[in-house]
Structure formats: C-alpha cells, structure tokens
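With these hints in hand, go ahead and build the complete structure from the sequences.
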Amino acid sequence: MIENRNTILAIVLSGLVLLAWQYFYNIPTMEKQRAAQQAELAQKQAATPAGTPPAANQPAGSASTPAQQPAAAAAAPIIGRSAALAASPRVRIETPNIAGSIALTGARIDDVSLVRFRETVDPKSPAIELFSPSGTKDPFYAEFGFVPAAGSTVKMPDRNTVWTQDGSNALTPTTPVVLTWNNGQGLTFKRTILVDDKYLFTIKDEVSNVGDAPVTLYPFGLISRHGTPPVSGYYILHEGLIGVLGDKGLQEFGYHKIDEAKNVEFKVTNAWLGITDKYWAGTLLPDPKAAVQARFSSNLVNGLRTYQTDYLLDPITVAIGGTATTSTNLFAGAKESAIVDGYDRDLGLNKFDRLIDWGWFYFITRPMFWLLDFFFRIVGNFGVSILLVTVLVKAVFFPLANKSYASMAKMKAVQPQLAALKEKYPDDRMKQQQEMMEIYKKEKINPVAGCLPILIQVPVFFSLYKVLFITIEMRHAPFFGWIRDLSAHDPTNLFNLFGLLAFDPTQIPVIGHYLALGIWPIIMGITMWFQMKLNPTPPDPTQKMIFDWMPLIFTFMLASFPAGLVIYWAWNNTLSVLQQGYIMRKHGAKVELFDNLKTTFGAKKKTT
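In short: position in the sequence shown from 1, add 490, done, that's the numbering used here.
Quick caveat, the hints were computed from the structure, so don't treat them as lab data. Please note that a few of the clues may not be correct.
Ranges between beta-carbon positions, derived for each pair [to be verified]: (1) Ile810 / Leu727: 26 to 36 angstroms; (2) Asp1038 / Pro616: 19 to 29 angstroms; (3) Arg1075 / Tyr724: 38 to 48 angstroms; (4) Val700 / His746: 24 to 34 angstroms; (5) Pro968 / Ser642: 39 to 49 angstroms; (6) Ala885 / Leu984: 30 to 40 angstroms.
Here are the simulated DSBU-like cross-link-like pairs (lysine-lysine), alpha carbons at most 35 angstroms apart as the crow flies [claimed, not checked]: (7) Lys747 / Lys841; (8) Lys614 / Lys627; (9) Lys757 / Lys768; (10) Lys912 / Lys893; (11) Lys1034 / Lys1076; (12) Lys921 / Lys893; (13) Lys768 / Lys779.
All C-beta atoms, glycine included, are put in the ideal place defined by N, C-alpha and C.
In structure tokens:
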C-alpha cells in the first residue's frame, strides 16, 4: 500500500512539475518571443521579394527541379494595403465566404479576406485578411503559370505580365473570370478562374500555339509568404509549411525547421501542399493523379525571410497549331472541419483532413470533435455541448468508475483492520504488507482502483484541450454570461475585483502573467477542493500537504487555459463528487465530506 501511495504521489508531482513549467516558464517565454518577432517584423523596411517559380532546367521528360534563389530587390518602404491593391488593375472576388481581388499584373490571387471571421469577438471588428499583395507588411499570395524547358527562349508570362480581362467584371460562384495574354511569338495563354461558395479556386490554363515550332512547358503553382509570421508556439499545434506528399505521408516544417533545411524536395504523386496558420491556410491542390515535383523552401533576401511551397508538373508539349490544357485547385480559407472533409472526399485528395492538426491522438481528438459538433447542432451552444459530452463520457465509463469507487469504499471499511496491523507488527513492514494483501484478497479490493477515474480523465481532458485549441469552430464560440469565447481564457479577474477596478493586473511587469484568475477557474478550484475533501485525510503528512494545496495550484495553473476546458473540469468534478458519494453510500461506506470540512475549518479556527 505504501508503494502504491508513493507511485501515485510521484505521478501527481510529475504532473504538477510539467504543468508548472508550462505555466510559469513556457507561456511567458513564448509571449516574449512573439512580442520580439512582431517588433522585429515591424522595424524591417525591406522590399518584399517576389515568389519564385520552380526551375525546369533539364530537358523535357526530366524530373529534376533544383532550388532557385529569388533575385535580390532594391530596398523599398512598406506601403499600406490599400496602396498596394491600387498598384495593379484588379478583378473583384465576391462570394458568401470570401471578399478580395485578383491582380491582373501577374494574375496573382493575392487579396483574400474571410468575411465570416473577425479579428475579435466584436462582430464589427475587421475581417480576417488571409492573402495580401507584395509591398504590404505581410505579403502572402498564390501564383500559377508555366516555365519553359531549359535553354528555351520562349517568352512566358511572369509576375510583371499584365493580363487582359474578358467577360465578367467580378469572380463569383456563378461567374468565372477569363484572363488572356499573347506573347507575340505565336503563343496565346488563356486562364479561366472559378470559385465555389466556400474557399476553393479552380485555375484552368489553355495554351494555343500558332508559331512555327512546338513548345514544351512545365505547369507550376506556388504559395509565397514574406516575413516570419508570429505563431502560437505550442508543441501541440503545427503552424508553417505542410503537405501530404504521396507515400511520403504528412510532412510538416515549422518556420524555424525550414530555415535550417533551406530547401526540401519530393517527387511524388497524389500530393497537396501549402502554408497553414492555426485557423487559416492556403494550399495547392494539383490533380491527385499527376506526378508532382514538390518543394518547401526558405530564402533570406534583403534581411527578410521568404517562405514558399511550390510544385512543378510533368511537361506538356503544345504542337504547331495545337492547344494544351492543364487544371489545378487552390484552397484559401478557414480550416472548417466539414468543408475540409468535403474537399477531401469530393476531389479525391490524399488525407486533406490532416490540414487540421488533429495530432498523434487522431483517433481520440476526431471523435471528441464529432461529439461536440453533434450536440452543438442540437443545442446551438458549444458550452452546453461540452457539458453534455462530459455526461456522456461519465455514462460510458460508469461501470468502470463504479468498480473503482466501490473498491475505494471497501478500502475505507477495512481501515480499522489496517491500523490494527500497524499496531500488531510495528517493526515488521514485510509482515504488514503480507497481511494487508491477504485482507485485500479476502475483501476483493484493488488497492490502485482509485487511480482509474483519474487515468480515464486524462485522455478525455487532452482530447478536449486539443479540440478547443485547434478547431476554428471553437474560436469565438460563446457560452453564457461573460464567456464570449470558449477557446480563450476567462476574461474576468479576481485581482481587479472582476472589473470593479479599472486596471488589468496581467499587465503588471514580472508578475502579471500569474495574476490571471477568473470566475470559472475559481469555480473549478472549489469543485476540486470538494472532491479532495470527499476522501479521508491521508495519513502521510507529505501526501496531506500535496492534496490540500493541489486545488489552489490547479486553480492558478488552469486560469490561462481555454474557458471551455475549465468549464469541463469544473463540471466533471461536480459529477464525480455526486457519483462517488452515491456509490459510497450504496456500499455502506461513510461519506466523510462534511466531517473533513468541519475538521478543516475547525483546525483553522483553533489555530487562530
């Protein structure tokens, strides 16, 4: 029994150390790093280099595409978004989910805003800006086209080419846009761009040849991002370059990782690749059947990092008097699970659902999200959905928990016998252990059964934490009252009397990180304290001290966690107290909650 207690104690201490490290060191450190990143990015007044198409420097049929460094550009001041958009004639994009424009110069898709998502919980705050044109502070865009075979002198459209617009003046789900350009050497390029009512662009290219020689071209697509963006910095979330590349599987390169690697290439089929943020992404979706020479790269130009994902397809030959066509897709939008799954299914993509970082425990996090989303569609509130899922999990594991609590109740019943053993064999610990095991065997008691409810809660807690942290469905999802975003921490604070005092304690230098303590974390701490008091006081002074302080420690540590997770923990504690109390009474064990409370407050009064 002593060994079991020591094992439990070691587990608890290890968990406390890990959580304390995350809260008191890792989170403040990441905040400082993000602030430094943003300050550094704001101070850079360098030109934003253009994206660079892959180089086809081998004869037709070759599959080699070595990295090509962007050409250095002269330093230039960063301009505002409006000025950058006005620098090129444009075609508007108007859909239920996207607003923006396509630049006729370079035919880039470089202006995309997600109109259903706002920067803050205020519905009047600006829409999320996903793609931005060159010249702005954070350029991020997609570009498509062709590169000629090595040694060819055929003039090709590039980032400076001004295309001619035909047909509709706006790109909508019902009106595609047609762009054309003639190279003056017998080649006419025609690009048809379509968009659905969500986040999918389709780019169809047609090349006609009325020249005096056949032409070999390599279709390419790229997504380029200039400057290292601020990231959340949590190990459970990937932000950066991503793709599922055929038999190479899921490939993830954070910004720091690709900075070190510089250039990574793959030759595969059935691939997609792009750049992802926590909630948004831009990804290239070539034909799954096409042979793809994919590349992730990081280049440093004029002191500014440029990140790029691109692909090069097998060459197409345009015969004299002939026409060649190619088609590809671009996803540019929010990583909504149903939409991402729909594209994965409808386009026959290779595990496109991995664009959402479900993590190694995919088999737990996906079902957890499905359950939450199922109940949300019924009740219309993700907070209530969390409460219902908690009840469902409790019901599923009720038989196991019932056995666990029953074993604990039996253990309490034999406490007088165990105490008698210590008196009977005060100096023979081995004999004590042997007699204890005989009693456990006779009474059918599992001495470690009390750990099972905690062990059951760990994967549920982790999966819910993951879902709350990564899924856009939880972003800005309200509960009731002051909780307007379940994915953010409780905005109230004990240290300014929950808003009565007009200052933010978290902004106090040095200690501000530790002064975030809202109403729900306090409720969670109280429910945890009640759960601890439901059990008898541990005989070991060290264990007693740990269990006495644990609710307070967890209250502070979980204060910065998503409010949805804290609400789950508080509700789970409440259900556990009711469940444990019921089972203990059923098995004739005394519920010592009120006795322990009296002892606690009585001891404090006596000390005073």
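| request: Run the structure past the numbered hints and jot down the numbers of the failing ones, going up. | output: Violated hints (numbers, rising): 1, 2, 4 and 5; every other hint is consistent with the structure.
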